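> Okay, here's what each chain looks like letter by letter:
2 protein chains.
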Amino acid sequence: MCAPAVIAAVREEWSRRRFLGTLGAATVAPAMVPIEAGSQPAPVRLPNGFRQIFDLTHTLSPKTPVVPSFKPMRYVPLFTIPKDGFQCGEITLNEHTGTHMDAPVHFVDGAVTVDRIPVDHFFAPLVVISIVDRVRKSPDTAVTPEDIQAWERRHGRIPAGAFVAMHSGWDARIGDGESFLNRDVKGTSHTPGFSGDAAAFLTKERDIVGVGVDTLSLDLGTSMGAPAHLGFLGAGKYGIEVIANLSAVPPAGATVIVGGPKHLAGTGGPVRLFAVA
Amino acid sequence: MCAPAVIAAVREEWSRRRFLGTLGAATVAPAMVPIEAGSQPAPVRLPNGFRQIFDLTHTLSPKTPVVPSFKPMRYVPLFTIPKDGFQCGEITLNEHTGTHMDAPVHFVDGAVTVDRIPVDHFFAPLVVISIVDRVRKSPDTAVTPEDIQAWERRHGRIPAGAFVAMHSGWDARIGDGESFLNRDVKGTSHTPGFSGDAAAFLTKERDIVGVGVDTLSLDLGTSMGAPAHLGFLGAGKYGIEVIANLSAVPPAGATVIVGGPKHLAGTGGPVRLFAVA
Chain A
1 MCAPAVIAAV REEWSRRRFL GTLGAATVAP AMVPIEAGSQ PAPVRLPNGF
51 RQIFDLTHTL SPKTPVVPSF KPMRYVPLFT IPKDGFQCGE ITLNEHTGTH
101 MDAPVHFVDG AVTVDRIPVD HFFAPLVVIS IVDRVRKSPD TAVTPEDIQA
151 WERRHGRIPA GAFVAMHSGW DARIGDGESF LNRDVKGTSH TPGFSGDAAA
201 FLTKERDIVG VGVDTLSLDL GTSMGAPAHL GFLGAGKYGI EVIANLSAVP
251 PAGATVIVGG PKHLAGTGGP VRLFAVA
Chain B
1 MCAPAVIAAV REEWSRRRFL GTLGAATVAP AMVPIEAGSQ PAPVRLPNGF
51 RQIFDLTHTL SPKTPVVPSF KPMRYVPLFT IPKDGFQCGE ITLNEHTGTH
101 MDAPVHFVDG AVTVDRIPVD HFFAPLVVIS IVDRVRKSPD TAVTPEDIQA
151 WERRHGRIPA GAFVAMHSGW DARIGDGESF LNRDVKGTSH TPGFSGDAAA
201 FLTKERDIVG VGVDTLSLDL GTSMGAPAHL GFLGAGKYGI EVIANLSAVP
251 PAGATVIVGG PKHLAGTGGP VRLFAVA
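Here the protein sequences line up with chains A and B, keeping their order.
For the record, in the first sequence the residue sitting at position 248 is 248 according to our numbering, with numbers rising by one throughout.
For the record, in the second sequence the residue sitting at position 61 is 61 according to our numbering, with numbers rising by one throughout.
In isolation and in its complexed conformation, chain A is listed as follows (with noise of 0.2 Å):
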């Protein structure tokens, strides 16, 4: 991307700057061509026998909707070119924040935290569970062992070690941070999620690592406490919010990679999540 030309002249001008005091010397940023941004299909074609990925995370900024309580991630720039030869900024932000991990410590103090989950559980056959219909007609509703029960007559049982996702079609509403909410006039929100049934089903009828959502909560907005969160927490499974492109994604026969978080004694954090099918 450099001419020899401007590749001379930053020779030349990294014997005059330091690069981070001290660690190598610097440069001034050369006036190159910019580069082109590569699109983002999905899917696209992959090497090494992966045929299709799919990219379930959201792009993350101060304006991703987050819990009331919580603040919005924020971005302070610190490094700037002309003046340090590089850029880059601070990220601040709660760990539940976008596409991100619960690990069971989130719900249960002395649970597993986000470092010590085991990377097996991070590579799980994706079972994905459509309730985008019921939605329509209303968000308090819930994915309860009849619809898990539903998928397993169309699917085969839910492989061991699977990872169950809710697909409710709520990541549409991303960029509108109320909308996503969906609050009512007392704070509310109606937002659909797992039922403690459905969470009792999954940790003691079946052999999963974790579960995943497209709303902002594993439970629903309406329910009283959090059985979603503690019984998948409780039972040591790992959740995933705020889940993205999930109809993309074959209800079944995909593999999900969560690409987590490993901050020591984590509670949660951002995960790059895909699927490969």
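These aren't lab readings, by the way, just hints derived from the structure by calculation.
What you are looking at is a predicted structure, and each value in this text was computed from that prediction instead of being measured.
Among the clues, some could well be false.
Identical copies carry no separate label here, and so any pair may be met within one copy or between two of them.
Only pairs whose alpha carbons sit at most 27 Å apart, straight line, appear in this in silico DSS-like list of lysine-lysine [to be verified]:
| # | residue 1 | residue 2 |
| --- | --- | --- |
| 1 | K186 | K83 |
| 2 | K186 | K63 |
| 3 | K186 | K204 |
| 4 | K83 | K137 |
| 5 | K71 | K83 |
| 6 | K63 | K204 |
| 7 | K186 | K137 |
| 8 | K186 | K71 |
Chain A is already provided as a structure; the job is to place chain B on it using the hints.
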């Protein structure tokens, strides 16, 4: 994991407390048996055709070494189970902390940001080039085109769309920040990296998507300028720094999976990095 009596106590508690103000009701954490944390052996057995997975990610903490002009990551607990029914906190970090990505825009204004890297670039044939033996003699040594050609004589030409990683053995120092930075009395770091010639060779003579190092910088600590950063990022390739566990991965034949950050217009960010073989 819950005794029936505990569950009954929890259900009663649900009727008395609110969870997150507007997102359902809360609970006091029941006195559950702590869930045993999973161990994290590498490799492990995987479903769906994966045979082995390697976690190439360091655990991030306030003690993780950073570039001296950056602040270490911070964690502030904000919610607690006794008070709120759940626990979580706020993370603050420079984008270039821990096992992390450098997007092209980190050094090139207008270039690709983390959220716009095509997802198929996150699944790539992994090439591991070891310079461990040379680094034992002196840390001021770089991956050169000759090292890459030596790898090709043993393993064949670098596959199209590859991710090329320097394995210097530096990850063993992560627990000791001074040893990881390895600064002399003048403050210059003595750490291995890619040479500018290697960057030119890989970006012009081969077809790669990205590069990685187990040190804090793609460049040699002693290099004048940032020829590796500018060579790779200037050609639109992404970098990953502070990689863990490369000694466990086969030098050829594995696939890297990059759980990259996805915040709007980011210059980099923490990555969950896996290899599968």
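> Take the hints in turn and mark each one as holding or not.
Going through the hints against the structure:
{"no.": "1", "hint": "K186 with K83", "verdict": "between (50 Å within a copy, 22 Å between copies)"}
{"no.": "2", "hint": "K186 with K63", "verdict": "within (23 Å within a copy, 44 Å between copies)"}
{"no.": "3", "hint": "K186 with K204", "verdict": "neither (35 Å within a copy, 61 Å between copies)"}
{"no.": "4", "hint": "K83 with K137", "verdict": "neither (55 Å within a copy, 36 Å between copies)"}
{"no.": "5", "hint": "K71 with K83", "verdict": "between (31 Å within a copy, 18 Å between copies)"}
{"no.": "6", "hint": "K63 with K204", "verdict": "neither (38 Å within a copy, 39 Å between copies)"}
{"no.": "7", "hint": "K186 with K137", "verdict": "within (21 Å within a copy, 68 Å between copies)"}
{"no.": "8", "hint": "K186 with K71", "verdict": "within (20 Å within a copy, 42 Å between copies)"}
This entry does not satisfy hints 3, 4, 6, going by the numbered hints stated previously.
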